[in-house]
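**Student:** Those protein sequence lines, which keep their order, are chains A and B. In terms of our numbering, the first sequence opens at residue 1 and continues consecutively. In terms of our numbering, the second sequence opens at residue 1001 and continues consecutively.
Please keep in mind that the hints were generated in silico from the structure rather than gathered at the bench. A portion of the hints provided could be inaccurate.
As the list claims (entries may be wrong) - Covered stretches of chain A, going by a simulated chain B footprint (3 or more residues, C-beta under 8 Å):
1) 101-111
2) 203-215
3) 221-229
4) 247-260
5) 311-321
6) 457-471
As the list claims (entries may be wrong) - Within a straight-line C-alpha distance of at most 30 Å, the following computed BS3-like cross-link-like pairs (lysine-lysine) qualify:
7) A:Lys-21 <-> B:Lys-1260
8) A:Lys-205 <-> A:Lys-128
9) A:Lys-240 <-> B:Lys-1061
10) B:Lys-1167 <-> B:Lys-1234
11) B:Lys-1077 <-> B:Lys-1467
12) B:Lys-1260 <-> A:Lys-128
13) A:Lys-23 <-> B:Lys-1289
14) A:Lys-8 <-> B:Lys-1319
15) A:Lys-414 <-> B:Lys-1319
16) B:Lys-1061 <-> B:Lys-1167
17) A:Lys-8 <-> A:Lys-23
18) B:Lys-1341 <-> B:Lys-1314
19) B:Lys-1162 <-> B:Lys-1061
20) B:Lys-1442 <-> A:Lys-128
21) B:Lys-1341 <-> B:Lys-1232
22) B:Lys-1319 <-> B:Lys-1341
23) B:Lys-1061 <-> A:Lys-205
24) A:Lys-349 <-> B:Lys-1289
25) A:Lys-414 <-> B:Lys-1167
As the list claims (entries may be wrong) - On the chain B side, residues computed to face chain A include the following (Cβ under 8 Å):
26) Gln-1032
27) Val-1062
28) Val-1086
29) Arg-1122
30) Val-1179
31) Tyr-1468
32) Ile-1509
Since this is a predicted model, take the numbers as computed values, not measurements. Heads up, the beta-carbon is just placed ideally off N, CA and C, and yes, glycines get one too.
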Amino acid sequence: MTTVEDRKDLIDEVLEAYPEKGKKRRSKHLGVKEAEASDCGVKSNKKSVPGVMTTRGCAYAGAKGVVWGPVKDMIHISHGPVGCGYYSWSGRRNYYVGTTGVDTFGTMQFTSDFQERDIVFGGDKKLKKIIDELEELFPLSQGTTIESECPVGLIGDDIEAVAREKAKETGKPVIPVRCEGFRGVSQSLGHHIANDTVRDWVLPKADEYRKLPNGFEPGPYDVNIVGDYNIGGDAWPSRKLMEDMGLRVISQFSGDGSFNEVVMAPLAKLNLIHCYRSMNYICRFMEEKYGIGWLEYNFFGPTQIAKSLRKIAAQFDEKIQAQTEAVIAANQARMDSIVAKYRPRLEGKTVMMMVGGLRPRHVIPAFTDLGMKVIGTGYEFGHADDYKRTADYVEEGTLIYDDVSGFEFEEFAKKLQPDLIAAGIKEKYVFQKMALPFRQMHSWDYSGPYHGYEGFEVFARDMDLAINNPTWSLIKTPWETAAA
Amino acid sequence: MTDNLDNTQNTPPTEPVANEAEAPVGEPGKVQDHFDLFVNDEYQDLFANKRQYEGAHSHEKVAEVAEWTKSWEYREKNFERTSLTVNPAKACQPLGALFVASGFEGTLPYSHGSQGCVAYFRTHLTRNYKEPFQAVSSSMTEDAAVFGGLANMKLGLENAYKLYNPKMIALCTTCMAEVIGDDLGAFVTTSKQEGHIPEELPVPFAHTPSFVGSHITGYDNMLKSILNTLTKDKKADTTNGKFNFNLGFDPYIGNIRELKRILGLFGIDYTILSDNSDTFDSPNTGEFKMYNGLTTLADTADSINAEGTFFFQKYTTPKTQETITKTWDQKTYNFRPFGIKGTDEFLMNLSAITGKPIPQELQQERGRAVDALTDSQAWIHGKRVALYGDPDHVFNLTQFLLEMGAEPVHIVVTNSNTDFEAELSEVLTNSPYGQDATIWGKKDLWHLRSLMFTEPVDLLIGNSYGKYLWRDTGTPLVRIGYPIFDRHHMHRYATLGYQGAINQFNWIINTILDELDRQTNVPAKTDISFDLIR
Chain A
1 MTTVEDRKDL
11 IDEVLEAYPE
21 KGKKRRSKHL
31 GVKEAEASDC
41 GVKSNKKSVP
51 GVMTTRGCAY
61 AGAKGVVWGP
71 VKDMIHISHG
81 PVGCGYYSWS
91 GRRNYYVGTT
101 GVDTFGTMQF
111 TSDFQERDIV
121 FGGDKKLKKI
131 IDELEELFPL
141 SQGTTIESEC
151 PVGLIGDDIE
161 AVAREKAKET
171 GKPVIPVRCE
181 GFRGVSQSLG
191 HHIANDTVRD
201 WVLPKADEYR
211 KLPNGFEPGP
221 YDVNIVGDYN
231 IGGDAWPSRK
241 LMEDMGLRVI
251 SQFSGDGSFN
261 EVVMAPLAKL
271 NLIHCYRSMN
281 YICRFMEEKY
291 GIGWLEYNFF
301 GPTQIAKSLR
311 KIAAQFDEKI
321 QAQTEAVIAA
331 NQARMDSIVA
341 KYRPRLEGKT
351 VMMMVGGLRP
361 RHVIPAFTDL
371 GMKVIGTGYE
381 FGHADDYKRT
391 ADYVEEGTLI
401 YDDVSGFEFE
411 EFAKKLQPDL
421 IAAGIKEKYV
431 FQKMALPFRQ
441 MHSWDYSGPY
451 HGYEGFEVFA
461 RDMDLAINNP
471 TWSLIKTPWE
481 TAAA
Chain B
1001 MTDNLDNTQN
1011 TPPTEPVANE
1021 AEAPVGEPGK
1031 VQDHFDLFVN
1041 DEYQDLFANK
1051 RQYEGAHSHE
1061 KVAEVAEWTK
1071 SWEYREKNFE
1081 RTSLTVNPAK
1091 ACQPLGALFV
1101 ASGFEGTLPY
1111 SHGSQGCVAY
1121 FRTHLTRNYK
1131 EPFQAVSSSM
1141 TEDAAVFGGL
1151 ANMKLGLENA
1161 YKLYNPKMIA
1171 LCTTCMAEVI
1181 GDDLGAFVTT
1191 SKQEGHIPEE
1201 LPVPFAHTPS
1211 FVGSHITGYD
1221 NMLKSILNTL
1231 TKDKKADTTN
1241 GKFNFNLGFD
1251 PYIGNIRELK
1261 RILGLFGIDY
1271 TILSDNSDTF
1281 DSPNTGEFKM
1291 YNGLTTLADT
1301 ADSINAEGTF
1311 FFQKYTTPKT
1321 QETITKTWDQ
1331 KTYNFRPFGI
1341 KGTDEFLMNL
1351 SAITGKPIPQ
1361 ELQQERGRAV
1371 DALTDSQAWI
1381 HGKRVALYGD
1391 PDHVFNLTQF
1401 LLEMGAEPVH
1411 IVVTNSNTDF
1421 EAELSEVLTN
1431 SPYGQDATIW
1441 GKKDLWHLRS
1451 LMFTEPVDLL
1461 IGNSYGKYLW
1471 RDTGTPLVRI
1481 GYPIFDRHHM
1491 HRYATLGYQG
1501 AINQFNWIIN
1511 TILDELDRQT
1521 NVPAKTDISF
1531 DLIR
């Protein structure tokens, strides 16, 4: 039996556990990469099936947690009841530089803490008062975003009117983000909604809001880093690489980003986009509106880093290209030594991944650089264009699962027995109880950065310490092992 | 730089390639973690250069405002706010509902409404305990907002039952389902009638809107519903000779185990409502076991026939207690077996109620705990303390601090209530060490920041979010509470009983001593007091 057939049988077997309706819906989201296929053969970006234990979050998580949250010098109000802001408080590790509570606010939680009366009488008045109080207590904030939670959209509040009124009064941006959790099927719509607020509420006034650096003149090498959320500091090694190759990064949007960098963005020559899923919308808009091109890059693992650097350099002149080659060459020795150190320990190890909207494909080459093989991958909230892009990254016979349920993921892992599972916090301890090594691929398991050359060193070390952790050998008692 | 790969052999780095580009800092093959990497000059320069694009305020301005936030003037402004909440010390109802549900045998917590909520609850509990937490959702979207969530619930219950084979599904709601007014009772009935789940499957349901109360309210609502559902028609003519115990939203699973040990020493037959100690601390056997709730459904059903029910968190479970008192016509008791006096009171009453003597072993333990307290008391006597958390949690801590001669000063309880404040006020008033204390009900951790700057204290007790106050004010932090994300294994310990008193005391005293070492470790300057013996 070929791997493809074998995996298809596995899918059928796992689907057997579902009731008819559930089986029918889930079957479209499970597939196997076939040799000549230009996509992964799965449906995506559909509603999750109730009751199956999806790992997905909501639009609020996408808008507040992902896109707007990292803009460090604005205050992001979790507008509605206390929970959403509480659970997402400081959870994402999008690093930033600043004095928290004074000029930056990334690890704080601002909430309107809705009570029953706010549901009954509406929360607009309270919201206005909140923005006044924010101005009093946090005068250095560069603006406010209002991330609405489920009830706000259901009770008919007009947060847009509040935003307009308060923006006028304070002279700072106030941005209403309609990211109620019931909208759409996952975090993904939240990204889109947040992108749209940049388009509608920020960029039209960019010239007015923008504070140019002293003596700033737009230059031919100006670029933006878009969609790197600086988890564990990821965006910084990326920025360093770009600067080393001779480019000038004028905006990080939004990891370690500031409001001013958002409005600097239209001045760049090129948008360099890391997370296509969450930020392609604004890149497309800027292309249309300002004629700024955009380019996806992948800074996971030396092979892809070099490829991406050359791809970026090709957009510029020979000077940049020459510097880029120098950067690649200068890092070669380090990369060779790190591969020499870790590859023998990781060669042939198999991996199953399940992450958000980018990493299920982008991290694969980093594993490959270490001699590891990804045998299954899937997205929490990817779309068809993500799975199309994934086809270039995965080998024939790779198991593909979209919006995988807890049940499916466990069953697949039990059967395929990978050497490593790379997914999120909700999955981590399930698999560790199965004695399967695990690394979190959202938060980098409190490690990182994983982007760029320095990042790959950390990545390689982390994969090794997870797989070759000596405590795995302690799980079985010696007396049971002896009896077996 | 520490490389924690002590189990590997370093391969010698290959010869670096000579090149025009600046050679990267750091030796080849030597891994730098984020906490080492970004303090390097090259990154510090990168940050400085990036700043010009940030439209940032001048360093002087930032420093000036930072100072201002420490002032009395700022404090007054901060306390004038009526609408804004910053850094609250409370979560929302379903978290508590899921927490309590997970202690029952074969129980799958089910959150009816939008799906993002359950992802957050699972994440939060998992981060605290480093254990899997399994729960499902109705995954309701826009169409359900218009048409209601019945279709989602039918499908959700059917799938969850078939896939995860629970013995009970404990249903709570998210804001969305509450605002659109889904009728849970009717939905569950319909789901059963249409055969999506078996008629006999218990599906207790609780309304847990996040705009009412906090996580402790949700705990109460869910527990009440589970008990009502499982004890229906189970009232017998005679009692079963057992006692029920409920610990409330207590994050220390070590407390459940400690309580069981104490009851074992007494020889008391008991039912813990709900025992989630294994849910949040299951052994690694190489096999994942989904359900670890230890309170059996049969014992829960029979709990209506117990001699009485003990509640350790009066302000978490008022509705459940009322149900048991009024509907079950059962005796209920409130005790706080924390610290020495709290444990004394509990044990004496337990003995009186059950007619069993206090075991000698516990008396010995008491002696050891008191001995420990006495040995270290000098280091905590008169220390001014700020603390925050849920009402009962704060109550227990305050009592413990008072009996050690520490002085609680700022007591912040975001999810406070007036009865709690009145009861705690009395305790404070009656202690010579409680005279400087203020209970700050409905206030948050940004208020506490102002309090700690204007009226400094020696020690802060709170959850992991207290680390921001530690950073800003320099006040040493003892991590006791929920959540604790940045220290490991704290939840495994008991804070209850005499053993728990020793544990808590250990954390507190050694934090004070660690801090003293930090303050006295500058050679030729402060290290005069860098004592070996303390």
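**Student:** Confirm or reject each hint.
**Tutor:** Going down the list of hints, with the structure as the test:
{"no.": "1", "hint": "101-111", "in the structure": "holds (count 8)"}
{"no.": "2", "hint": "203-215", "in the structure": "holds (count 4)"}
{"no.": "3", "hint": "221-229", "in the structure": "violated (count 0)"}
{"no.": "4", "hint": "247-260", "in the structure": "holds (count 8)"}
{"no.": "5", "hint": "311-321", "in the structure": "violated (count 0)"}
{"no.": "6", "hint": "457-471", "in the structure": "holds (count 8)"}
{"no.": "7", "hint": "A:Lys-21 <-> B:Lys-1260", "in the structure": "violated (45 Å)"}
{"no.": "8", "hint": "A:Lys-205 <-> A:Lys-128", "in the structure": "holds (22 Å)"}
{"no.": "9", "hint": "A:Lys-240 <-> B:Lys-1061", "in the structure": "holds (28 Å)"}
{"no.": "10", "hint": "B:Lys-1167 <-> B:Lys-1234", "in the structure": "holds (18 Å)"}
{"no.": "11", "hint": "B:Lys-1077 <-> B:Lys-1467", "in the structure": "holds (24 Å)"}
{"no.": "12", "hint": "B:Lys-1260 <-> A:Lys-128", "in the structure": "violated (52 Å)"}
{"no.": "13", "hint": "A:Lys-23 <-> B:Lys-1289", "in the structure": "holds (24 Å)"}
{"no.": "14", "hint": "A:Lys-8 <-> B:Lys-1319", "in the structure": "violated (52 Å)"}
{"no.": "15", "hint": "A:Lys-414 <-> B:Lys-1319", "in the structure": "violated (44 Å)"}
{"no.": "16", "hint": "B:Lys-1061 <-> B:Lys-1167", "in the structure": "violated (61 Å)"}
{"no.": "17", "hint": "A:Lys-8 <-> A:Lys-23", "in the structure": "holds (14 Å)"}
{"no.": "18", "hint": "B:Lys-1341 <-> B:Lys-1314", "in the structure": "holds (17 Å)"}
{"no.": "19", "hint": "B:Lys-1162 <-> B:Lys-1061", "in the structure": "violated (61 Å)"}
{"no.": "20", "hint": "B:Lys-1442 <-> A:Lys-128", "in the structure": "holds (21 Å)"}
{"no.": "21", "hint": "B:Lys-1341 <-> B:Lys-1232", "in the structure": "violated (38 Å)"}
{"no.": "22", "hint": "B:Lys-1319 <-> B:Lys-1341", "in the structure": "holds (27 Å)"}
{"no.": "23", "hint": "B:Lys-1061 <-> A:Lys-205", "in the structure": "holds (26 Å)"}
{"no.": "24", "hint": "A:Lys-349 <-> B:Lys-1289", "in the structure": "holds (26 Å)"}
{"no.": "25", "hint": "A:Lys-414 <-> B:Lys-1167", "in the structure": "holds (24 Å)"}
{"no.": "26", "hint": "Gln-1032", "in the structure": "holds (6 Å)"}
{"no.": "27", "hint": "Val-1062", "in the structure": "holds (5 Å)"}
{"no.": "28", "hint": "Val-1086", "in the structure": "holds (6 Å)"}
{"no.": "29", "hint": "Arg-1122", "in the structure": "holds (5 Å)"}
{"no.": "30", "hint": "Val-1179", "in the structure": "holds (4 Å)"}
{"no.": "31", "hint": "Tyr-1468", "in the structure": "holds (7 Å)"}
{"no.": "32", "hint": "Ile-1509", "in the structure": "violated (29 Å)"}
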